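Using the hints provided, position chain B relative to the given structure of chain A.
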Amino acid sequence: MPVSSDAPRPGSGSDTPVLSLRNITKTFPGVKALSEVSLDLYPGQVTALVGENGAGKSTIVKVLTGIYRTDGGTIEVAGDQVEFATAQDAAEAGITAIHQETVLFDELSVAENIFIGHAPRTRFGLIDRSEMNRAARALLTRIGATIDPSIRLRDLGIANKHLVAIARALSIDARVVIMDEPTAALSHKEINELYELVDRLKADGKAILFISHKFDEIFRIADRYTVFRDGQYVGAGRISEVSEDELVTMMVGRSVDQIFPARSHQAGDVVLEVSDYRHPTEFENIGFTLRRGEILGFYGLVGAGRSEFMQALFGITRPSGGSVRIEGRPATIHSPASAIAQGIVYVPEDRGKQGAVTGLPIFQNVTLPSLTQTSRRGFIRLAEEFAMAREYTSRLDLRAASLDQNVGNLSGGNQQKVVIAKWLATQPKVIILDEPTKGIDIGSKAAVHEFMAELAAQGLSVIMVSSEIPEIMGMSDRAIVMREGRMVAELHGPDLNAKTLVRHAAGITEAAA
Amino acid sequence: MSLSDRHIPDRLTSPLQRLFRSWEALLVVVAVAIFITNSLASPYFLNAWNLSDATFNFTEKAMIAFAMALLIISGEIDLSVASIIALASTAMGYAVQLGAGTPEIVVIGLLTGLICGAFNGALVTGLNLPSIVVTIGTMSLFRGISYIVLGDQAYTGYPSDFAWFGQGYVFWVISFEFTLFLALGAIYTVVLHKTNFGRAVYAIGNNPTAALFSGIRVARVKFILFLLTGLMSGIAAVCLTSRLGSTRPSIAFGWELEVVTMVVLGGVNILGGSGTIPGVILAAFVMGLVTFGFGLLNVPGIVMSIFIGLLLIGVIALPRIWSRIAARRA
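These protein sequences, in sequence, are chains A and B.
Heads up: the first sequence begins at 14 in our numbering, then just goes up one per residue.
Heads up: the second sequence begins at 15 in our numbering, then just goes up one per residue.
So that you can see chain A by itself, here it is in the shape it has in the complex:
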């Protein structure tokens, strides 16, 4: 078992790494995102970086591309110790990244995108357009892409945009290519083309860091693997010497156990019944029941359609079909206002953009959906507003200087409390929490969990969308797993465990495991 080797020492192979990270540490206020992690990348080989959400994968990418400065540890490129102070430094060291959302310029041509910053010049210092197009075409041909270099990037599909990004990587003569979930938005055929391309890059001697949640991809394409968990290095080795099961164990095995509130679950009557909810592009065939006092978890990978479904249930977007019953009565939800009126509220994942009105004071945020309660004939009654805000913020143990303080000045955890207080003031039947503890510190996390349990005990029905396995396991009575817009499993009791969750979310068949 390669689980606890001290340093990433691949079993055999005489080759030396082109890039070595040793004991890299990166801390943010209150959070240790990376704690003495190590990572080696070898020329002509694909290394898969594996880990749950929050394991530190995107942080290490940002360290590698010079976006974050490390707080400790060393980076060696071809044996020389280097320091990446800026993104420019990383690019000059030959490291390039192809992101999920490729950062390219839609309004520029393909050739301009490939050569931006280092375009060929004429004698007069102007861009040599014909030379640039010629070189771009040569690069594109090298990776087997048939894209006209003179067309604008925005006219390309996402797969072709990836190809342009890869051509760009080749144009700066990259030694290391980072692919951060490159297949997330690709079709089956496009994924196969990407595999061929990766093989070609390998043949070119590039070292590839491949980040993916999908195990079939990892086993198809990677030569080596490295596993991170909670910002720590867990293990590394050759992919041929590890099984899916071992990888899953390394990913989810808990070192630091979070404490979740103890709950005695007695579910009541059915409050919410959703059947056959569909959307033309985001999700299909979603159906479940939710009982009073129950916490229902929704697990899945990013992009599985969980938030999209929740937003349709809350009336932000319209489903193309399906029905909802609230306490047995058929309900139509055509706007957030009507969802709120019928007792369904939604705490969005993106607090700053969708949850809190950060430019307004706390009390005005709390009363925003309940203004009809605190007013008479449309006229505001400040005393009643403050009374409502006081009641609900104290229930949530909010920490703030005054209720007149702008929400934007609060910490993430306290902003979340304001958003939850806002919804409790509407006295809902169902509260949907979308990644309720994402990006908040451990202390606030525990407070939110505690409170969730309390709400359920008081008879509120909770839907919790989470990408964190311990949270799903620690909090939910039942969990639904979604993958690619579909419900793939409904788990409870002993079935509700980390391995089963990961398997269903990643689409690993039982036979393979």
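Please note: incorrect hints may appear among the correct ones.
Subject to a maximum C-alpha distance of 20 angstroms in a straight line, what follows is the list of computed SDA-like cross-link-like pairs (lysine to any residue) [to be verified]:
hint	chain 1	residue 1	chain 2	residue 2
1	A	Lys45	A	Tyr55
2	A	Lys366	B	Leu33
3	A	Lys227	A	Gly498
4	B	Lys208	A	Arg390
5	A	Lys366	B	Ala233
6	A	Lys366	B	Arg231
7	B	Lys208	A	Arg389
8	B	Lys208	B	Leu33
It should be emphasised that the hints constitute simulated quantities derived from the structure, not laboratory data.
Remember, it's a predicted structure, so these values are computed and weren't measured experimentally.
Chain B alone, transformed into the frame defined by chain A:
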């Protein structure tokens, strides 16, 4: 419950304390300073009738500025207001040619304003278009229609009792327009600062997505704001046409910029989210006093326009310069 140690106070600074440190307080000081300068600079300034005349410099623009303030706070803008005046005035003049009496003329003026506002609002909220582009378009469109109808002609021959709206006095030197300005100022103050609708306007201007996610009917509120701005332009058209006694297609030309300047001078954030109606009322007085003072000193119109331009830039730049200085000190 032992909440005593955790109790969060409602407020730390009293509303009165806030008032003294506000932009509005600064505007009061500026207005008083201009008032004193003017009375020292010209012997004709401190005269009740002259001062009363001076109010006509800003009353019509200020009426539009109230609705515009709400629109800008909500994150939108309407640059077609002056063209709505032209179209409404043209419609009123056309009605006069057909023999309409004063009540019909007024109704037609207000209705034209409402229809123009509804048109802007439908384009912005229905099709999700940016209001700055939509209203630059309708700015040309509405005035263009006036030019086609009128050519180089002018409508005159308004009934004599129609003149009261722009030339009548309610009491002594207090004109109907000035009274209407104060009344509308009071109404808009209440609407923006004391109603749920006003709260929704602030929420939308601060974060339209979070407002929508909080159950506010964002599109409906914005549509109503465009309607209000159209209606106020219609009211301004009635007053201005009545005061001038004629309609030309160039009527109220360039007013949209003065209205926006007034709103921004009043402390409304051009990016939306904050501002007050009392601020806009004070800004109207400041601009009126400056215009009047320049008039008494025989300052040419073009200098006036330079001054308005500098004022607009200064008002936007000052707070930013101020915060940079404050940041450097800290």
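To see whether the hints hold, each was checked on the structure:
no., hint, in the structure
1, A:Lys45 to A:Tyr55, "violated (27 angstroms)"
2, A:Lys366 to B:Leu33, "violated (30 angstroms)"
3, A:Lys227 to A:Gly498, "holds (15 angstroms)"
4, B:Lys208 to A:Arg390, "holds (11 angstroms)"
5, A:Lys366 to B:Ala233, "holds (18 angstroms)"
6, A:Lys366 to B:Arg231, "holds (17 angstroms)"
7, B:Lys208 to A:Arg389, "holds (11 angstroms)"
8, B:Lys208 to B:Leu33, "holds (17 angstroms)"
Comparing the model with each numbered hint stated earlier shows that hints 1, 2 do not hold.
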